[in-house]
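For chain A, the structure is supplied; the task is to place chain B on it using the hints.
Chains as they are written, first to last, in our numbering: chain A, 1 to 161; chain B, 1 to 161.
Source of the hints: derived by calculation from the structure; they are not laboratory data. Check the hints yourself; a few may be wrong.
Which copy is meant is left open, because identical chains are indistinguishable; a pair holds if it fits in one copy or across any two.
Simulated pairs of lysine to any residue, SDA-like, Cα-Cα distance not exceeding 25 Å [to be verified]: (1) K143 x S10; (2) K141 x K153; (3) K40 x R144; (4) K40 x D18; (5) K69 x A51; (6) K69 x N52; (7) K143 x W108; (8) K40 x I135; (9) K69 x T159; (10) K153 x L114; (11) K141 x E131; (12) K143 x N154.
Number of protein chains: 2
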Amino acid sequence: MTYSDKNGISEHIQTVIDLAANNCQDNGGPFAALVVRDGKIIAEGLNRVTANGDPTAHAEIMAIRSACKVLGSFQLDGCELFSSCEPCPMCLGAIYWARPARVYFAAWHHQAALVGFDDEHIYNEINLAPELRTIPMHHVKSKRSNEPFERWKNMSDKTEY
Amino acid sequence: MTYSDKNGISEHIQTVIDLAANNCQDNGGPFAALVVRDGKIIAEGLNRVTANGDPTAHAEIMAIRSACKVLGSFQLDGCELFSSCEPCPMCLGAIYWARPARVYFAAWHHQAALVGFDDEHIYNEINLAPELRTIPMHHVKSKRSNEPFERWKNMSDKTEY
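For reference, chain A alone in the conformation it holds in the complex (with noise of 0.2 Å):
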């Protein structure tokens, strides 16, 4: 059995695949998302980085977002994301802020990148140096920069994430 045949699986693929194909004609880019719990949709996200002026506005950004709203939580315990393409790293990385317990995807990043959108190349810039990068990210040193780990460590009320 593939992923594809189990509940409800391949629907959530073809609707987040019509979704990322119908939002270039809504000024999006082709990706889509869906948040999906107990087998029910309970968020959609599309690309909307240019339509909104905003580069964080990609589908899984929104979806988790939208999917957090709708449950109050800043966590998607026990939620499946489904994605139209494999999540670019910030997008990986907000997967692993927010905590579903899996998600699934069609499209490969490396069909992303044949019509323009690399993120190929964060993947390969990710794992030089902070100072070598092409946006290069300089450590400045400072006696001061433990101050606000040091701050939360000694509060005595904070909501652990």
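Relative to the frame of chain A, chain B by itself:
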């Protein structure tokens, strides 16, 4: 000359450390970020994950989104991003999509890990095959997976990004 001696860098780093530390008292995590253009702060971002119920509300994401609104653009050309801590993979990805000129950060991510913010784990997961990650990511075979990209490729009036 170290980075901390150059024009305004040390000052912006002190500012972002103060914002991060003070954010703990306001239901935020111990992180802050600034977007600077021509030496002037144009946007700030504070970690609001638990406050907003949004796992993507990291300081850098918030600062990028706010700066894009100020500039009316989805790109941060010629801007510098200051962060109280080395960016996590999600924020690193967002930085590549927003394309500021460079990034300056105060704390290393290992310092954040010591108080429970484990992005080291995410960095390790990125290099694993999708289905072997602690949040498994399954490729679902579909003959239609390339349809959104075909649609995108054939559009004549799209905004590339």
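From the Cα coordinates, with 25 Å as the cut-off, is the pair K141 and K153 best called within, between, both, or neither? Result: close within a single copy only, 21 Å intra versus 46 Å inter.
Cα distance capped at 25 Å. Does K40 pair with D18 within a copy, between copies, both, or neither? within (17 Å within a copy, 44 Å between copies)
When no copy is named, should K153 and L114 be tagged within, between, both, or neither for a Cα gap of at most 25 Å? Result: close only across copies, 9 Å inter versus 46 Å intra.
Regarding K69 and N52, is the shortest C-alpha distance of 25 Å or less found within a copy, between copies, in both, or in neither? both (19 Å within a copy, 9 Å between copies)
Within, between, both or neither: how does the pair K143, S10 come out at a Cα-Cα threshold of 25 Å? between (54 Å within a copy, 11 Å between copies)
25 Å Cα cut-off: does K40 pair with R144 within a copy, between copies, both or neither? So K40 and R144 pass the 25 Å test across copies only (22 Å; inside, 48 Å).
Please sort K69 with A51 into within, between, both or neither, judging by C-alpha distance up to 25 Å. Result: close both inside a copy and across copies, 22 Å intra and 12 Å inter.
Classify it for me, K141 with E131: is the Cα-Cα distance of at most 25 Å met within a copy, between copies, both or neither? within (14 Å within a copy, 39 Å between copies)
Quick one: K40 to I135, C-alpha cut-off 25 Å, is that within a copy, between copies, both, or neither? between (41 Å within a copy, 20 Å between copies)
At most 25 Å between CA atoms: does that hold for K69 and T159 within a copy, between copies, both, or neither? Within. Shortest intra-copy distance 18 Å satisfies the 25 Å Cα cut-off; inter-copy 29 Å does not.
My question is about K143 and N154: at a cut-off of 25 Å on alpha-carbon distance, are they close within one copy, between copies, both, or neither? This pair counts as within: shortest intra-copy Cα distance 19 Å, inter-copy 54 Å.
Which holds for K143 with W108 at a C-alpha limit of 25 Å: within a copy, between copies, both or neither? Intra 44 Å, inter 12 Å, cutoff 25 Å: inter-copy only.
Against the hints set out earlier in the document, no violation occurs for any number.
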